[in-house]
Structure formats: C-alpha cells, structure tokens
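Undergrad: Each chain is listed here by its residues.
There are 2 protein chains.
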Amino acid sequence: MPSTNLTFSDRQAHRAWLAAQAALPAGFRVGTTRFDFTPREAPKPAKMTLTLIALDRATPHFAAMFTKNAFPGAPIIVGRKRLKETTLGAILVNNKISNVCAPHGVEASERVCAEVAKLLNLSSTQILPSSTGVIGWGLPVDAMISALPQAVSALAAGSILPAAEGIVTTDLYPKIRRAEVAGGSIVGIAKGAGMIEPNLATMLVYIFTDLAVPRAELRVMLARAVDASFNTISVDSDTSTSDTVAILSSGRVACTDFGAFERGLHTVCRDLAEDVVRNGEGVRHVIRVAVTKAASPALARALGKAIVNAPLFKCAVAGNDPNVGRLVQAIGKYVGAHAHGTDLSKLRATMGGVEIFANGVFQLNPEKEIALVKHLRDAELYTSAAPKDGVFTAPIDFPPHERCVELEIEVGNGAASATVLGGDLTHEYVSENADYRS
Amino acid sequence: MPSTNLTFSDRQAHRAWLAAQAALPAGFRVGTTRFDFTPREAPKPAKMTLTLIALDRATPHFAAMFTKNAFPGAPIIVGRKRLKETTLGAILVNNKISNVCAPHGVEASERVCAEVAKLLNLSSTQILPSSTGVIGWGLPVDAMISALPQAVSALAAGSILPAAEGIVTTDLYPKIRRAEVAGGSIVGIAKGAGMIEPNLATMLVYIFTDLAVPRAELRVMLARAVDASFNTISVDSDTSTSDTVAILSSGRVACTDFGAFERGLHTVCRDLAEDVVRNGEGVRHVIRVAVTKAASPALARALGKAIVNAPLFKCAVAGNDPNVGRLVQAIGKYVGAHAHGTDLSKLRATMGGVEIFANGVFQLNPEKEIALVKHLRDAELYTSAAPKDGVFTAPIDFPPHERCVELEIEVGNGAASATVLGGDLTHEYVSENADYRS
Chain A
3 MPSTNLTFSD
13 RQAHRAWLAA
23 QAALPAGFRV
33 GTTRFDFTPR
43 EAPKPAKMTL
53 TLIALDRATP
63 HFAAMFTKNA
73 FPGAPIIVGR
83 KRLKETTLGA
93 ILVNNKISNV
103 CAPHGVEASE
113 RVCAEVAKLL
123 NLSSTQILPS
133 STGVIGWGLP
143 VDAMISALPQ
153 AVSALAAGSI
163 LPAAEGIVTT
173 DLYPKIRRAE
183 VAGGSIVGIA
193 KGAGMIEPNL
203 ATMLVYIFTD
213 LAVPRAELRV
223 MLARAVDASF
233 NTISVDSDTS
243 TSDTVAILSS
253 GRVACTDFGA
263 FERGLHTVCR
273 DLAEDVVRNG
283 EGVRHVIRVA
293 VTKAASPALA
303 RALGKAIVNA
313 PLFKCAVAGN
323 DPNVGRLVQA
333 IGKYVGAHAH
343 GTDLSKLRAT
353 MGGVEIFANG
363 VFQLNPEKEI
373 ALVKHLRDAE
383 LYTSAAPKDG
393 VFTAPIDFPP
403 HERCVELEIE
413 VGNGAASATV
423 LGGDLTHEYV
433 SENADYRS
Chain B
3 MPSTNLTFSD
13 RQAHRAWLAA
23 QAALPAGFRV
33 GTTRFDFTPR
43 EAPKPAKMTL
53 TLIALDRATP
63 HFAAMFTKNA
73 FPGAPIIVGR
83 KRLKETTLGA
93 ILVNNKISNV
103 CAPHGVEASE
113 RVCAEVAKLL
123 NLSSTQILPS
133 STGVIGWGLP
143 VDAMISALPQ
153 AVSALAAGSI
163 LPAAEGIVTT
173 DLYPKIRRAE
183 VAGGSIVGIA
193 KGAGMIEPNL
203 ATMLVYIFTD
213 LAVPRAELRV
223 MLARAVDASF
233 NTISVDSDTS
243 TSDTVAILSS
253 GRVACTDFGA
263 FERGLHTVCR
273 DLAEDVVRNG
283 EGVRHVIRVA
293 VTKAASPALA
303 RALGKAIVNA
313 PLFKCAVAGN
323 DPNVGRLVQA
333 IGKYVGAHAH
343 GTDLSKLRAT
353 MGGVEIFANG
363 VFQLNPEKEI
373 ALVKHLRDAE
383 LYTSAAPKDG
393 VFTAPIDFPP
403 HERCVELEIE
413 VGNGAASATV
423 LGGDLTHEYV
433 SENADYRS
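As given, the protein sequences belong to chains A and B, one line each in that order. Each residue of the first sequence is one higher than the one before, counting from 3 in the working numbering. Each residue of the second sequence is one higher than the one before, counting from 3 in the working numbering.
Only chain A is shown next, with the shape it has when bound in the complex (with noise of 0.2 Å):
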C-alpha cells in the first residue's frame, strides 16, 4: 500500500503540492542552467540542462548504488571511486547524453568535475557526476563547461524543485517526496521514465537529509530501502547504463532515532519509486501485484516482475480488458522456466479484489467481467485518444490520482510475500521511443 493517496484535480493542484514538498533541508543549495550545442554523432540541435546540488560544507556522510548494468556509463564508473572519497560537496547533472561506452567518456566527466571543483573551491574527487540521455554519444564537455558558471550563480537555498525539474529526460512532471522525522527531513527528487527495471537502484535519484547519519549507516538503510522499493518496479523490463540513487546528509540536525531515521527513508525511496512508475514512459495504469504465501521472497518478487513484464497482460490492461488468462500465463511462464516443480495447484488470484482463479481453474462469468473493466477504468490516468497526426502524446502532466490495478496472487505454498509495480503497454510508449531521438 502507498503510504499516501493523493488526488490532483489539475497541473496547479499538483505544483501546489510539489512546492510543499520541495522545502530543502539545512545545508544544501541548488542551481541550474540550459544551453543549446550540437551533438556529434548525429547533427542535430539539443538542448542540456546541468542541474548543480552544492552541499555548503563538504560532507563524509553519504551513499549511493548503482546499476548493475553490465555496460556502465562513464558517471557510474567515476561514481564508484567516489564512495572512496573522506568527503562529499556536490553533484552535478546532465541530462540529454548518458555518457556511456562513449570514446574518453570518463576523462570527459572528471573534465566537468574538475571545472565544478575549481568554481566551488572544492577538489574535483569531491564531485560526483551524473549523466542521463541517449546512449552512445559523448559529452559536449566544451559547451558545458562554458555554461557551469551559470549554475553556480544560480545557487540558492530553499526549495529542490529547480534540480527536480532540471533532471528530467521523458518525465512528465518532477517528482519529489518527503519526510519529516526525528527533528529533521529527508527529502528525493526522482529522474526516471522509461528503461526501467533498476538492478540495484534505478535511474537519477537523489536524497538529501540535514540528519547526522554517518556514512556505514546510512550506506547499509540504503541498500535495504532500495531493495524494498527501486528494487521491485519495472516500467518495461530495460535496466538503465545509468541508475543511480544517492544520498547526501549535510549533518546539521543530530540524529537521536536511527530506526525512526530509516522508516522515514523507506517511505521517500517507496514512494519515488511509485512515482517513477506512475510517471512512466506512456504508463496509463500503474499496476500492483502482492504476491503472498510463496515459497521465497525472491520467488513471491519474480512472479510479480513476470507479470508486470507481460507485454500481453500489459497490452490487455491498457485496452481496460480484464484478459486475466494472459495474468495466468505470465505465471506459468515464470514457473516452467524458472521454478520448475514448484506447486501451483493451490494458487488463488484476485484483480480488484474480485477472486479470478482458484483450485487449478479460472472463477469467471458475465457479472465479475463487468466488475473487471470497471476496476481497469478507475485506474486508469488519462484515456488514450487517436492523435490527427499519427504521435501519441499523453494528455496530463500530473498524477490526477494514485489509484493502482490491484493484483493479489497467493501462491499457497510458503510464507514469503513481495509487492511489484509496473504500468501498461501502451500508443504512448511506443510513440515515444520508435523515435526518442528525432
């Protein structure tokens, strides 16, 4: 279950609320800029922002992961040389250029550290770069380095939202969550829409905390809060060169509750993670699956990825057809490939709490199809329109509800459970990415 239930009634409804949210903690402050340049493989214009978080004093509290794509971008290398560092002062963000598998990719990033460092009067080591975009191109490093003094100039404390607007590649709308707790915040900012099925952690997230939280400790609720939630949604089963989650303490608020500390940091990394799936690359329902009694946690999680990663399921609930004998294969799927043996004779399946399967056959008839497509129909964000000129474009850039398609699968032969999120498959996704780059 989200641990909030919010509905927007329109984009101001939503900003309103995003602004509320936004409140940096002490220590922090933040500076974009964006600029015109041409990329090289393939000219075209584009634009860059680079999206500057500057902590006020260089930090030794802080964490990150990082994708376990075997072809990491050029950031995630010099980022993991990082973690070694005594001390943290800021990070810079580019979107556009991913950095990855790039000729000199990674002299070109510690270029842009270097001249980050010089202007902040930092060592570059103490510069943790990010890059999002298209795969396979090469930094600008030139255009970006004459456009860094514009960011620094633009630091200012207060409010996240320009580094959460500045981050973003596909994303319909920023995405930022919060907690307040033991005296101090945690607030995140998410980049991510599609390319998302995060192995270890997902796609460009940042969270910022004022609590004293040394860094063995805040490495270790890392590493269980992204397992818990980056670590179980998929918009389309792609794991991204470039998933990052990092977290930054400014230390200025000492920290008495670490348990209270680390709830908080669940409910921020759980709820950028719905966000991210919500927001996904032409996601139109936001689908959840409660897998329960399986025989493993790793288990109960991949049968739940299988079905969110069903293009056929997908497909069905993007049409608001309640086609739950495609639910039913992805199960089969998984289990023939994967689990072969495992008993699947006491399995029970549920769709908006409506029982669809049980006993080794399906429980359907004409009043529960009806119930179906109206549990489909109230998840849905926005209803998909042919276009007059052929590209699907989505119609919202707000979350107007956070209503999911809630899938209950009780396997029936052992005590673990896990929750997966996923969306559908949709005009909209394929529009977008048939041509990203155009």
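Hints may be right or wrong, so weigh each one.
Taking lysine-lysine pairs in the DSSO-like style, the calculated list, with each CA pair at most 30 Å apart, reads [as the list claims (entries may be wrong)]:
#, chain 1, residue 1, chain 2, residue 2
1, A, Lys46, B, Lys376
2, A, Lys120, A, Lys83
3, A, Lys348, B, Lys86
Facing chain B, according to a computed beta carbon distance under 7 Å, are these residues of chain A, among others [to be verified]:
#, residue
4, Ala72
5, Leu314
6, Ala320
7, Gly334
8, Pro368
9, Glu371
10, His377
11, Ala436
Residues on chain B that point at chain A, a partial pick, calculated with CB under 10 Å [stated by the list, open to error]:
#, residue
12, Val237
13, Gly321
14, Gly354
Everything labelled a hint here was simulated from the structure, so no lab data went into it. The beta-carbon is built from N, C-alpha and C at its ideal position, and this holds for glycine as well.
Using the hints provided, position chain B relative to the given structure of chain A.
TA: Positioned in the frame of chain A, the structure of chain B alone reads:
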C-alpha cells in the same frame, strides 16, 4: 541465414506460392468447418473453426512436443498421455478458445475426441486434440460436436492449405513449408502470431510426412529440430500455454536416408519458425541476431533473446531509428543480472554489416547513421500509418520479402554461437492486444 529469400509482390503471388507448397504427403486427408457460438464467460457471439487432419491408416510413427508453461492447456495434458499410445489416427484443432484452466477442461477435450473417434471409426485415444485462442474460457462442446460431421465429410487428400487456413487466430496469412527428401516429402503448417517465446515448442505446428521414420528416431529428431528453430524465436517474450509441435508419418515411403530426412525436417522447422516471427502480431521488422564467439551456446542464445526482447530497442527498430545504445543496454542488462563476470571487453557489434561497437566504445558517426537508417528501412515489411479511427491494422496479408534487420554480436570470449529471431514493437501490436477479445 534463411533457406529461402522469397519476395512477393502481392497477395495473389503469395497464395500461388502457398498452393505449390501445400501438396499433402500420401496417406493424409484434411477437412474443416466453421460455426457460430456464444462463450459462457463473457457472452458475445463468436466464430470457431474446426480443423481435422486424418490419416488413412492410424500410424505408430508420431512425435510431439508441448509447452513448458506451468499452466498447460487441457489439450496439452491430454496430448502428453497420447504420446504413450500405440498409434495415432487424427488431429483435431479448434481456434478461438484455448481450453486452459477452464473448469472440467480435460473432460471437455476428451468428449470431443470421443466424438471424432466415433465418426472416424477409431478409439478416442487415437485422437490428438489441440486448442488455441482465449485463455480462461471453456470449450463449447455441444456446438463443436454438432459441427464435427461437417468437418469429417469435408475430408480430402491433396492439399494442406485448408488446415493452414483453419488453425489461425490473429495470423495475417497461412504458413506452410515443405522439403522434398529421400523420395518423399515433409510438409508443415504453423499457427502463431502472439504469446510467442516458445519454451520447448511453439503455438500449434503440425508436420506431416510420408517417409517411414520410426517414432523413436522421429522423437529425437523433432527435439533437435525444435531446439534449433522454434526455441530460438520470440515475438513478445510471452510463452503460450498451448505450444505444440507434432509430426506424423504415414509411413507410405520407405526412408533410406535418415540424415537427409533430419536435414529436411530442420529446414521445414526453421522456415516455419521464421514465418511465425515474420507474421508476428504487429511485426514490421524481423530482427535476426547472430551471436558468435560466446562462452556457451546457452549464453549466446540468451544474449540474442535479451536483444530481441528489449522493448526500447524493439520500439527504436519500429521507428527505423538506429538507437544502438539500447542494443548495448540490452546486452549489459542480461550480463549484469544473469552472467556477472562475463568479459565484454572484446565485444564487437554490427548492424547491417556496419560496425557500431568495438573495444568497449561505440563506433558511430553521421555517415554510419545514414547507412543504418537505410538498412532498417530496407528491412521494413510495411509502413505504419495512423488510421482514421485510431485502430492500427496491418495493410498487408502476405510477406513482401524475407529481409531482416541483421545484427552480429561477437562476444569474443568463447567458441559458441546462436542465431535468434524476433520482431519490433509497434502500434499494431498494442492495438491488436489492447482489446483482443472485443
């Protein structure tokens, strides 16, 4: 590489070629009938076709392979029992409803088999049943039994085309492949367009031969041929609950060259497998991935599958967008999650013969971009057009050519190889599956 390189200018040319493929081996007859009925679970009028393929004399020479999905259809459960029978006399296939986990599904299947047996003067254990279509609904047994005499009276030797046409659901055109070997022939038909990532076998494939190959040899040869053909394809990563590949020999021609027979069987299976992908739901580009120099055949195939199942890469191909970053992402996703530690430093990748990745970095420039776009356009089967009413449909019902998007992935750390076929992800796929049952 395909065994053929066909092009068809229009539907008539394709139908003429199919008719030439369709000559039935001696000893088989085919009859079909079509009727209206109303499903119990969601009352809406529907149509079903029954396809009956009968041997003149029941044969001991037969083999079949079935889905590994852990929720197999009732006909799969019955079919596994049939493998132990002494002889087989006929196959009955129905479309529209797949009879998977429906209440009393096995009894329904056996009742229909008993009726076929009565009409053909056989025992019900000599009938192999097959069902394809909606998962979750029950067979309309009474309506099927009423329609059966019509199929029996239509039985005729000569052509398999009525069966190839009778077994389809969302297929755009019938699929028939043949091989003339060792003085006899092998002819196969396939049904399948979605829910296609076979695990052991694919949706409904039937192969017939007059060559007398005993069942022990047939079963070994079929397993090898299926592994090298249907198990290397994926339209959408979903594994059907009804996958079946069956081969029956009428034994009319003595087989003196088992090697030639097996090569012919491989060719028929491989070509039918490519037909299934080329006619896959919404497929506008067939993607062929040749993985070489891998550490194991399993890893080679898994990397190929990871590429053809990566939604973002599939969407890029649909848009003729050579977004090779997403290709590398897919390889890295698989290795990071399932083959950690694999050395990728020597990996080399080409698309349409153009080198795009080598020595850990992309090898891109604007000239290559132009060549890659041309390669994608040349492999397109038809151009997607936004329809007036918002429902995308394929403008063709024949395969205009057999060209593929050709990818070569040289892993560089072993001697194993594999070739995998898949399709792109298009608006047509989403349209077809967002309301398949309506």
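Undergrad: Now tell me, hint by hint, if it's right for this structure.
TA: Here is what the structure says about each hint:
| no. | hint | verdict |
| --- | --- | --- |
| 1 | A:Lys46 with B:Lys376 | holds (18 Å) |
| 2 | A:Lys120 with A:Lys83 | holds (20 Å) |
| 3 | A:Lys348 with B:Lys86 | holds (29 Å) |
| 4 | Ala72 | holds (4 Å) |
| 5 | Leu314 | holds (5 Å) |
| 6 | Ala320 | holds (5 Å) |
| 7 | Gly334 | holds (3 Å) |
| 8 | Pro368 | holds (6 Å) |
| 9 | Glu371 | holds (5 Å) |
| 10 | His377 | violated (15 Å) |
| 11 | Ala436 | holds (3 Å) |
| 12 | Val237 | holds (9 Å) |
| 13 | Gly321 | holds (3 Å) |
| 14 | Gly354 | violated (16 Å) |
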